[in-house]
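*Asks:* Place chain B on chain A using the hints.
Protein chains in written order, with the working numbering: chain A, 1 to 502; chain B, 1 to 512.
Accuracy of the hints is not assured; some may be wrong.
Derived DEER-like restraints, expressed as beta-carbon distance ranges [claimed, not checked]:
hint : chain 1 : residue 1 : chain 2 : residue 2 : range
1    : B       : V474      : A       : I57       : 58 to 68 Å
2    : B       : L24       : A       : R450      : 12 to 22 Å
3    : A       : I291      : B       : P214      : 28 to 38 Å
Calculated directly from the structure, the hints in this document are not laboratory data. All C-beta atoms in this analysis are idealised placements derived from N, C-alpha and C, irrespective of residue type, glycine included.
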Amino acid sequence: MQLENLNLNYWAITPEIITSVTGVLLMLVDAVQKRAERKANAIVSLIGLVLALVAVIGFRTPGSYFSGMVEIDQIRVFFSATILIVAIIAVLLASQFVRDEGLPPGEFFTLIMFATAGMLMLASAGDLVMVFLGLEIASITTYVMAGYRRYDLRANESSLKYFLLGSFATAFLLYGMALVYGATGTTNIQKIGQAIAADQVNYPALLLVGAAMMLVGFGFKIASAPFHLWTPDVYEGAPTIVTGFMSTGPKAAVFAAFLRVFVNGFNTTASPVGMELHSTWINTLAIIALITMTVGNVIAISQKNIKRMLAYSSIAHAGYALVGFVTGEYASVAFYMLAYSLMTVGAFAVIQLLARAGDQKVEIADYAGIGFEAPALTFSLSIFLLSLAGIPPTAGFMSKFFVFKTAWDSDYRLKWLVVAAVVNSIISIYYYIYPIVVMFFRPLAPGFVRPRVSLGATIALILTLLGTFYLGILPNRLMKAMGSGSGGAQSSQIGQTQVINR
Amino acid sequence: MDIITLTTFLPLVGAVVLLLYSVLASRGDQEKLDNQYRWITLIATTVTFLVSLDIVRRFDASIAGTQLGQKRPWIGALGAYYFVGVDGISLWLVLLTTFLMPISVLASWHIVKRVREYMLFMLVLETGMIGVFVSFDMLLFYLFFEITLIPMYFLIGVWGADRRIYAAIKFVIYTVVGSLLMLVAIIAVYFYCGNTFDIVEITNRLASNPALIPGSVKFWLWMAFALAFFIKVPLFPFHTWLPDAHVEAPTAGSIILAGILLKIGTYGLMRFNLPFFPDVSQRLAPWVMTFAVIGIIYGALVAMVQPDMKKLVAYSSVSHLGFVVMGIFAFTETAMQGALYQMLAHGISTGALFLCVGIIYERRHTRLIEEFGGIGALMPQYSTMFLIISLSSLGLPLLNGFIGEFLILLGTFSSTVPHAKMFAVVGALGVILSAVYLLWMLQRVMFGEITNKENAELEDMDAREKWALVPLVVMAIVMGVAPMLFLRSSEKSVNSVKEAVAGKPAKVAVSR
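If we strip away everything but chain B, and leave its shape as in the complex, we get:
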């Protein structure tokens, strides 16, 4: 068994172990059992993370194609393969997933309702998410893409807040509308490209012979893929499910949703839309960028006026993901590298922001900014971390957010896409706006006098919360100080996507 398969299915093994354990040890003190379930899940996710570190160690940055995985027949009758691996684009997204999962488990320690089922859904979700990033067969990709849907639906619907039913259904309907149309596109691409689901193979065939798919069909196929991913990102105007889902989801659900699930959208754009349909992508790039920039500004403006901290962070995601989409459709290596970096940075920072909001919500059961004020004096450690994370999210140099946004803006400014300079300039406004809404929120929550008597007794973080938050803060700093550590591995792969869009078919070989 290869390391990729191992990493993908370890969480599922953990789920089976958890289920068996719960069946065998069904008698006894419920509280004690629940605690054991939590530990089993924490151990399973941590082991998965440790195993995934080995992927980084063995990853060869000089290869643009897929590596470390395997390809074997899966459903021969349908022409589908079990084809997994990582390349420079998916490597760090896999790591982001395995890194955020133990933290999410720690963040859900306080969940007391149906702990066993909660943890099972978390583990199944992790397998689904890793699977999405490592699949290089379209059918396999689709399978994992949909598998992520159901656990998240339950996480929101069962463990969410008051309007959870509405949010859960909205989340499912939005995602499914996109994904089923993508399924049609997948079938169409299969037949146009000579009966194969192999993403690498299709990319190569389309690069050497773009006429495999007729021009008019290409547009619709591009649209079908793009719609699925735009909804997932979410790009303005498909973003309305996101604030609902975030606000209603439990803290860990929000961390996973913002940190990983949204990245599936941007990842899909880089994996399917750009290499498969370079000409359509180029033709539509100004339009996509327009919506991305609208999303950046709109998300930031709406975030600014939110009275609810979680909603504020949710809208900030819309704004930040706008940057990522802008960077992807700038078609320069700098911008695309920046986009990839911003995906990781956003995963870390926004995950941490949701965690911070969750920590204070657990204490006060409210997230309204006006309920707080001056808590910096009461919770010094917490406030420091919250501050660092907010600064990283708004793009302060030497923290992770800066690198991504800077590269995206730089790359977009030098892009050949029509009006790219204008988009870059307007997009840059988003950086300023993000400073406004985040700092303003910090000011109202942290600084000044303690205005609300109910806050007088607040305690600082306990050990569990520190264990969850500190790694994220450390990562934010590491990513801000040493970006080349990460960018080096993705360089080749990103370059090959860029070349594909530029119409210079750099044949991506499956190296053996």
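Next up, chain A with everything else stripped away, as it sits in the complex:
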């Protein structure tokens, strides 16, 4: 490694620096305070996250820094923004959570900050080593968060399961990385791509096996079938707010790294081994997408617990996102993950509020007749569920439409996958409207007390709702910023408003 090629640029890692420093700061604040102050922690975290978001949005020029360890490109900007938005919403909800549960507030915010820093690294990684680092930082903090309610057996089970299976997946990923390194002699993703293109692969079989193992590792982390088995138990057992956080943020971050490695790295068809690798992973992922959607949707139908149901729903959504993934165009995946994160975290926020301390009421049957008793919460939950089902004018519809349209136009003959995804959407309608039926159409179950909603939670709900509708009705600005491929260029030329006849 030559020193002059290091290309140090600390501006390129400002978001990561801000979130890490805020995390450390929170620990200090917590240590010097006499009595744990939730509000101060929440406000410090929020300031840090908003600053990081500003820094992310401020990235203008693409580039590669720290000898290729850190990338600035559109994938990073959009996925980092998604991660930070999820983190902001989690912080807004966290203050009520730690108070209601009577948990120490300090560490929870710190953990959110470090997890966010790890995820941001994952989204910015230009090198397999960085991918691993980011993944580990993000994962280990999330394992702790899953078990944060430490007197609760379910949370412990969730945490342990998440830890064991997560480590298992990381091992797969690491082994895959090692093999790819062995085959190409570099861990830099760009250089891996160049090496494959130039046919400088030592042992082609090593590369293929390595890529397959990485696929398995990433597949575990995004909860795609058949590597999804950990998801329902972990999502059910973790505190709801943590479930909302870990089903969105880390998933988006892993998708970013997954995109970089496969779509940017293993994307060349210039050499025979590259071509083989490329067509193999496209076909494999197309089939994984199909299985993931179907498994998620079909099993979700029979769920009685709303958190489990949303766990299977999140598996299904990973499948839809993979449909966009195999087209090789990052924009539809990035848009999908943003929309998915907003509506999922919003849905979990409502579930958290309705479930109250200790997650007492998380069976769908518990929701009987509460529709008009707490209309703000139930209508919000209905909107999130309908959005997840893909009913317009919500983010869920627009993101699905974007993915389907991209896939239909793709060169890889994916029309069958679009039809399969649509059939899956039809199946999913049933379980998404079921909680609405229970909430609004059934008689009220006795003993319902309207939950108290803190200011932070109110803001979080308003933000997610606005986002859900904004992405569903006026997604143009965002899609344009992503520079989405088909149709974008030509239609922007016809820009003028025409008033027809008078």
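*Replies:* Same frame as chain A, now just chain B:
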């Protein structure tokens, strides 16, 4: 802002006003508040109707294409435009919507459960329905098409009768199965026709170059569109959701469902299937007509044996909509004009029939025909109106139903579609059958001695009910006496659809 956009979103503005009002005035007497919500909704829908009248005034009947609207970029990245307007086909459907909504609000005055939410759903629903008829961009159309779904789902599910949950879920699942497959077809058409969602543009491109879409694909795309609309119409054998939804829905829900939502199906057939895929439409016309005629006869026969008045009216809808589909697939101008007219007439008559059933249901909380008898003597005004409306529905000359059915039968008889004459003859039987079931019901409900003691105290209509019912009766008569008032505006547009199917590409220009 153009008049079309204004009309479309006025109800939504009303909804926002209602919501804000309810938040600001959340203290106080609930009954008084509920009454204010009703008035706000009534005013919002009435203003929308008055504004929509201006569309008629400014409508230029000599233009076949879209007018009065606008086209502006909406989602450039996806190639979607905010493209709204009206043509001769959608003009009167928009008016039907805005006309029926204040009446539906009046018909729901007695609702006491969650008035605010009910009225909000009504207003959102109205925006959705108007939006469907004025959209000329496929994505926008799909958006509004689905928006109508959710409010109706809640209206049935929350304010419906005993089996409302079953009916609501069935309604949603049926509609969504159709609409999502249509979404795939929309994406496919977008790419085949050179990256555009513009319905006018696609129609023109396909007319000048039918080979844009390969023949085998065309069939499947036609099927995807048709399935969505056949379910919505509903054409036999996709009709089973309709009786359930109607019976369980509150009165206003039934009026809207029968009066407007079903028309989205027939409208879609005229807007998408015929102009986009003329050859497939022609090839499959005998099949569609077969199902339409089965629907006419089957709906009428089932209606005849219904003990429940509302179910009877619901099945009569299946029968009447069969006529509309038959008329659309006859591909003659007379029949298609008739079909369009029948859509409007059915909206008025069936809406009024549901209203009549609702009025008596509110008094007695039963709709079973056997519970009544001889109420004509007790409720003379009500009975007169019910009689006029029933006569209009069964197609008595000088009332609205006659014009549509007559034109459809006439046009179908002269159609070149194979076996069209036979279909017309068998379909005509449906007219006779509709006289049988409606008159028989009237006889059992209205005439004779008062057989049930519980009916002895029935009161005639009050002012609110008259305000709701009289406009419908007046419209039924006006439409029966002066059909050219309406037919004139739709002539050009219907003709252009007919020409498109006949394979004579009459280029529909977007006039500026």
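*Asks:* All the hints need checking, so say for each whether the structure fits it.
*Replies:* Results of checking the hints against the structure:
1. B:V474 / A:I57: 58 to 68 Å: holds (60 Å)
2. B:L24 / A:R450: 12 to 22 Å: Roughly 21 Å apart at Cβ, these two residues keep to the hinted range, so it holds.
3. A:I291 / B:P214: 28 to 38 Å: holds (30 Å)
When each numbered hint is compared with the structure, no violation occurs for any of them.
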